[in-house]
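K.L.:
Can you join these two chains into the complex? Each is in its own frame, and there are hints to help.
Next come the chains, spelled out residue by residue.
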Amino acid sequence: MKALDLKLARDLWRMRGQVLAIALVLAAASATFILSLGVHRSLTDTRDAYYAESAFADIFADMTRAPRSITARVAEIPGVRRVEGSIRQYATLDLPEGRAPARALVNSLSTTERSLLNRLTLRAGRLPDAARPGEVVADEAFVAANGLALGARLDAVIYGRKQPLTIVGIGLAPDYIYSIAPGDLIPDNSRFGIFWMGEKALEAATDRTGAITRLALTLERGASEADVIRRVDALLAPYGGTGAYGRADHISHAFLDNELMQLEAMTRVIPPVFLIVSTFLVYIVLGRMIQTERSLIGLVKAFGYSDRAIGWHYLKFALAIALIATILGSLAGAWMGRGMTSLYAEYYRFPILRYHISPAVIVGAAALAAASAGLGALGGMRAAVRLSPAVAMAPPPPPVYRAGPIERLGKRAGLSVIGHMILRHIARWPARSAMTVFGVALSMGLLFATMQFVDSSRSMLDSYFFRAQRYDLAVTFIEPRGADAMHALAQIPGVLRVEPTRALPVKLRSGSRSERTAIEASASDARLSAHIDRDGRELTLPPAGLMLSRQLADQLGVTPAPRCQLHGLYGSKIGGRCSESDLISPAGDLPPAFFPVGEKSRVDGDRHGFGRAGSEIHLTPAEQPQLFLPRGGDKIKLRDVSAGLFPDILDIEGSRHGLLAGEPEPRVSKLRVAQPVSEREKRFISFAAIPPISHIRSIDIIVDG
Amino acid sequence: MNGAVSDGAPAFRCSGLAKIYRTGETEVQALRGVDLVIPAGEILVLLGPSGSGKSTLLNIIGGLDRPSSGTLLYRDLDLTAMDDRELTRFRRADVGFIFQFYNLIPSLTAEENVRLVTDIAERPMNAAEALEMVGLADRSDHYPAQLSGGEQQRVAVARAIAKRPGVLLCDEPTGALDSRTGIRVLETLAEANRTLGTTVVLITHNIGIAAMAHRVFHFLDGRIARVEVNAAPIDPSGVSW
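As they're listed, the protein sequences go chains A and B. Here the first sequence stands for residues 1 to 705, numbered as in our numbering. Here the second sequence stands for residues 706 to 946, numbered as in our numbering.
Hints are computed from structural coordinates only; laboratory data are not their basis. Check the hints yourself; a few may be wrong.
With a Cα cut of at most 25 Å, we get these calculated DMTMM-like pairs of lysine to aspartate or glutamate [as the list claims (entries may be wrong)]: (1) A:Lys2 x B:Asp789; (2) A:Lys316 x A:Glu293; (3) A:Lys200 x A:Glu113; (4) A:Lys2 x B:Asp824; (5) A:Lys316 x B:Asp789; (6) A:Lys2 x A:Asp307; (7) A:Lys2 x B:Glu791; (8) A:Lys316 x B:Asp824; (9) A:Lys2 x B:Glu837; (10) A:Lys2 x A:Glu293.
Taking beta-carbon pairs under 10 Å as the criterion, some of the chain A residues facing chain B (in silico) [said to hold, decoys possible]: (11) Lys2; (12) Arg10; (13) Leu296; (14) Leu299; (15) Lys301; (16) Ala302; (17) Asp307; (18) Ala309; (19) Ala390; (20) Val391; (21) Met393.
Just a few of them, taken from the derived set where beta-carbon distance is under 7 Å, the chain A residues facing chain B [claimed, not checked]: (22) Ala3; (23) Leu6; (24) Lys7; (25) Phe303; (26) Gly304; (27) Ser306; (28) Pro389.
Each residue gets a CB set at the ideal place from its N, CA and C atoms; glycine is no exception.
Looking at chain B on its own, in the form it has when it is part of the complex (with noise of 0.2 Å):
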């Protein structure tokens, strides 16, 4: 369970899965039955309005959650059977995470940040080619405090793609960057799916962006209302923000 794959397999596939939050005394349900099987090596969009359930979708099939029901296989693993430790192990080998807020460590500068992840990973590339890919090279003995938002994302990019993931699941990975700065980063979550075979799962509110994705599933209410299979996606650097 490690490294990249384009076999075509489907990297994940998911029945039922169902997800309810007990919030204090409130309870939320943001998962009610979803069905998904997801291709190795594409591109997926997912899009709805907040509390939708996307990002909880993507907790789950990252192992940061757990379902409350429902069954969920990632190539032929049951990650809902997995204890802890092999969750830890799943996402240590097979997943990279990117937020919308970037979420690195302001006492680490933009290489440290990246060996974060190398440290623990089992086949990662270098850390400075991994800023290498995002275009980088030069930065990185900046701090974050040093870099501009989307030079972080970027960062985040590289500590993602560092240790060569199956998966990659990006929250809203442009939400806080201006159009050009955003299309950067498509470009080299684009490249990290082109060269490496990784498979990029990515949560978004902009529409536009759905025009690089190989499917596009909509939700609605903790369901897919729909699903879109493109069969032209488009370069990055055509995306209409």
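Just chain A, with the same shape it has in the complex (with noise of 0.2 Å):
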């Protein structure tokens, strides 16, 4: 090794507090960029193999209930490759040793004819037997999260039907990495399972023989997207369509999609913020060192090594820490990817979700660490290689002070002679101490903006759990209840008040603009949920019309306006003001968009029997009650009373999960019972009072005024 590269190790070894101290910082800017990128780069390339391989479809569509034929007519619509048809149905499931009962969502699954779309994966056992109705698929994580194996067996209440299913077969599906039960804010493994049931054996358990409740399409290349969801959606109105949709708005598909963003935003913002500061703290260290070594630059340069060797040579010092950095980096990145990626193995299923850093990640990292360093060593760099050698040996001159306008405020102050010694210091570099003050900036605003995540997400869960839900209990249903629910839900034992809201799935249109959302509508006395602004403030509900969170306004590009009307799809109008508040974007799957109840509202041209145009009508839905208990009410045994008296509450949940307790279970233990009306029954149900808005998919924001 040459003598001046001997010398660089021996700096490297005595400075190696101040080195590591460089090395770590920079090391965090590589890990970063090395977890995210590696991570991002996995989880994409996993997620694109796994819809490749198992053709996950381009569109989606949900009815109540359509003629299996109809997928011939979807196949014929212009830029449409394949379409698949099944059966989606919710079903609560009785787990074994007294446990609360768990969701499933059962999806038909054809034994005759392989899958073309979202072709299921077997990880273990096998596909059911058509011949015998009561075998089932079930999802990897499910089967997982509550110790179950292949040949377990359940018992089922599939639409209203109580019904045994075994376990054959272990699998997991594209249209499931993520799985969320509905109305749930994080995915709960062992309360919410999916499942695949032979097609005929669910057609026969939910009534619906030859018919189909889900539609899955893909396309052909260059196909409009959106011209062919206008025409499945024609296609799909008269069955109950709810609107088809592209994989953007797909939950596994847009979660995971929100995920990859987050991951990007990842790469984008942490590392720049580490590299700026070991650049500034690479600049420091190797210009002091230049400083002391002035009279050795200056031996070494009368020895006749050039310019450009004195220069590499410091240049190298901070290269070397960039190799640290880069070595340290990629091993801790390493880890946190392994660590990150298994974390995101327990919410996505995938068949096989493997970290695996590419090279070109890691050199990527490395050039980013010697791009700072290099960058942090090009002042110390040009100090050296400006200094000529006679200089150099000399002692440096004394810096020139003079008297400006800070030091005359400290002789008025009557600083002492040290004060003024610091303030002409500074006044002396003002470059240099700006950039001390930017760099102790710097580190101040990473500190809050790390530290900010921890009590935004406290004070979210806080807005969210305790001021903005004041329920104990929420009930869903499945199709919209009159007052004769909430009436019936008031009786049961305990509870002291029960209000009702309802949420209805919407495309919001505003222009060319246009997002699909929900509209929850809530009595404009309401008391067990509120809706709370950014900055704390409880709202209450304009009169009539709509009022959007500003993410949502912002996002349809709506001002408020005096009048504005929501225009249906089927030239319903419902007239209003609507008005956009500085509202939290509400946790979960709250919607961000509300809409009074109980106050009267136009609904103009109607054309399907729901209303006279021009009719005033009072709305009373009550899709969910919320309830409120007193303190022990969660105990009673409301799953009992409530099954007796509706069949077809979808859920039944509590609110405040225990996470912000840190309980372990639920105070209140979530209670579901999934038990739909039959199409016999329905006709008993009264819809007297309730318009049928959610027939309304699609409504466009007319802005008058």
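P.N.:
Shown next, in the form of structure tokens:
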């Protein structure tokens, strides 16, 4: 090794404390870069390969019930490549050992021909036998979370009928990479499972012989998704279609996509902060080092070392730091990446999800670290190269100080000699002083930025669980129910107050912009759930019209207007005032648009017989009554009572999931009963007070004023 | 332009050499027109009070600094016409420097300090050989902090002669040493002059050292006030301190 390189190695060792400190900051940048980019690539590659292999559909459409022959008509739509129809049905499962019941989404599976789309991947066992109607394939995460195995037997209530099920296979499908029960904030594998059942068996269990409730289709290359969706919507309208949607609105895909975007943002935001700080640190350390080695630089120049050799020597010092940082960062990044991937594997169900760092990512991280350290070394290198050997060997001349305005201020303030020294020093090197201030400010900013995550999560949970959700139990029905449902719930011993809310899936359109969302309707005197704005104030719903969260209003490009019309797909219009507010974006899947209930809203131009043109109607829907119970009221056997009262309860769940209190189990256990009304029973449920605006799938917002 | 010369031809010739320094707001005229011929293979001593221009002249003839005016030739090379890169090459090939405070790199051993020069020289001697010449073969793996002042200066001499320079420029090499170690250092310089034919230019405040020189230049106020030619230079061991 050359003598100068030996000096470099020993300098690095001598200054190991500072070198390691800078390397650690730089390593944090490399680690975050490798972590986020590595996980992003792993996740993207796995997803794309899995989508391709299992033929993940491009468009999905749900409907109440349609004849299976509809698939042939959809297949005729220009741009459609493949279509497949299936049945999806929520069911309630009785888990063994007296555990609270769980919910399942049962999908039909053709037992005669291979699925064209969203193909099931069997992880163990076999597909259901057409001759044995109780056989199902269960998703891997649910089976694992509940300690089930092949051959396990469960009792399920499907479409109001109790049916014994046997798990004969364990599988995964691309449309359930991420699955979350409706109304849940976070996925719960132990309480919500995806099941696949033989097509004929599910048809029989749900009285849907020869019918389907869901369509999945793929598009030809270059086909317009919007065009196909419009045509599919038109075809499915008579069958209770709730609106076709593309991958972007598919919950599993959207969650995954959102995660990928977050990872991308992480790559863009966090590493640069560490890179800037480490550049600054290298600049300071190398600058000081060169100042102390002034005479040494002169000496080696006197020996005949060229300027380039000297500059390269100090650049190597910075690059060595970058090298250490890359090694540490790669190890830390790979370790964290593996951890993060296994965390993802808990939420996202892929057949295989392995963390893989491509060499290009490491090279990229190394290049960033080298560029950052090199940039920091530039100032020092330039100073070293500029020194003439004779000047370098003489002691540096004293710096020129001048009495400036700061100095005069200091004099007036009666500063001590040391105080003057400090002021003069700051004023003598303003750039250096500014850089120091900037560096400290940046580190403080980083500290605040990271600490605010904890605070804002706490604040969000607090406003969501304690301020917005004041009820103890929420009961969700499959179909909207009238005031009778509320009265019946109010009769249950221990129930103090019952309030109705309703959520309608809609597509809001304003000009060329549109968003799929839901409108939540609630009574104007509602007390069990509140709408909290950004400043923590409680908002009251406007007497008429629609209130949008600021985020949704921005997405749609809508501003408050004295009058606006909600224009329904079939010509119905709901007039009123359109307003926006600084509403906190609700957590979970709460709708960001709110519609007042119990007020006179106009529904015009109705051609579907659910109201006369120009008539005024009174909305009292009760899709989700919220109940407030006295202390200890959650202990009542609501399930037994309510199951007897309402055969069509989809879900009963308690609020305050125990997340904040750190309770291992929810304070109020989730009781889910899914006993949907049969076609026959449906006729007896009163729809009198409920306008069927759930049939409005698309609403145009026309701002008049 | 490499290696020692001892053919009696002038190593350096300069005329009208002047140097003005500007330090902060002050201007110092360090050299005021120096005319000088340094014959190759001789030992020369520069004497004079502090600030008389000795070190400035040494820096200029060593290619560390440039004169403000005047001409300077090393053999037939015009040093004043050289750019930075050529001056660096000149120093690398022909000039060995020895300073009052040794200027060893503390993180390198004696041998590695010598290698700092042999790594880039064109025809260097082995580092161990150079240390042998100054009598420090057994101290080669010692760090500067483990060596006495005299030993450190001898390492500096070994480092300077290892490249077989044409000229050795010594700025008060014995200034920080006692008489015994000082004489030991002077002996190694005289030996380099004798065996390698290296021209030695030596700045000192010690008038006794002038007795070992072939020529003595007396400096005053940036000019050469007087030149003495010594027909019979004595051996360094006879120098009175």
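K.L.:
All the hints need checking, so say for each whether the structure fits it.
P.N.:
Hints, one by one, checked against the model:
1. A:Lys2 x B:Asp789: 24 Å, holds
2. A:Lys316 x A:Glu293: At roughly 16 Å apart (the allowed maximum being 25 Å), glutamate 293 of chain A and lysine 316 of chain A satisfy the hint.
3. A:Lys200 x A:Glu113: 13 Å, holds
4. A:Lys2 x B:Asp824: 7 Å, holds
5. A:Lys316 x B:Asp789: 23 Å, holds
6. A:Lys2 x A:Asp307: Holds - the C-alpha atoms of aspartate 307 of chain A and lysine 2 of chain A are around 17 Å apart, at most 25 Å.
7. A:Lys2 x B:Glu791: Between lysine 2 of chain A and glutamate 791 of chain B the Cα gap is close to 23 Å, so the pair holds against 25 Å.
8. A:Lys316 x B:Asp824: Given pair lysine 316 of chain A, aspartate 824 of chain B holds - Cα atoms ~18 Å apart, limit 25 Å.
9. A:Lys2 x B:Glu837: 21 Å, holds
10. A:Lys2 x A:Glu293: Holds, because 19 Å separates the two Cα atoms, which is no more than 25 Å.
11. Lys2: 5 Å, holds
12. Arg10: 4 Å, holds
13. Leu296: Result: holds, 6 Å to nearest chain B Cβ.
14. Leu299: OK, holds: leucine 299 of chain A within 10 Å of chain B, min 5 Å.
15. Lys301: 7 Å, holds
16. Ala302: 5 Å, holds
17. Asp307: 7 Å, holds
18. Ala309: Holds, because the Cβ-Cβ distance from alanine 309 of chain A to chain B comes to roughly 8 Å (cut-off 10 Å).
19. Ala390: Because about 4 Å separates alanine 390 of chain A from the closest Cβ in chain B, which is inside the 10 Å limit, the hint holds.
20. Val391: Holds: closest Cβ of chain B sits about 8 Å from valine 391 of chain A, inside 10 Å.
21. Met393: For methionine 393 of chain A, the interface hint holds, since the closest Cβ of chain B sits about 8 Å away, which is under 10 Å.
22. Ala3: 4 Å, holds
23. Leu6: This interface hint holds because 6 Å falls under the 7 Å limit.
24. Lys7: 5 Å, holds
25. Phe303: Holds - the Cβ of phenylalanine 303 of chain A comes within 7 Å of chain B, reaching about 5 Å at its closest.
26. Gly304: 2 Å, holds
27. Ser306: 5 Å, holds
28. Pro389: Nearest chain B Cβ about 4 Å off; hint holds.
The structure fails none of the hints (numbered hints given earlier).
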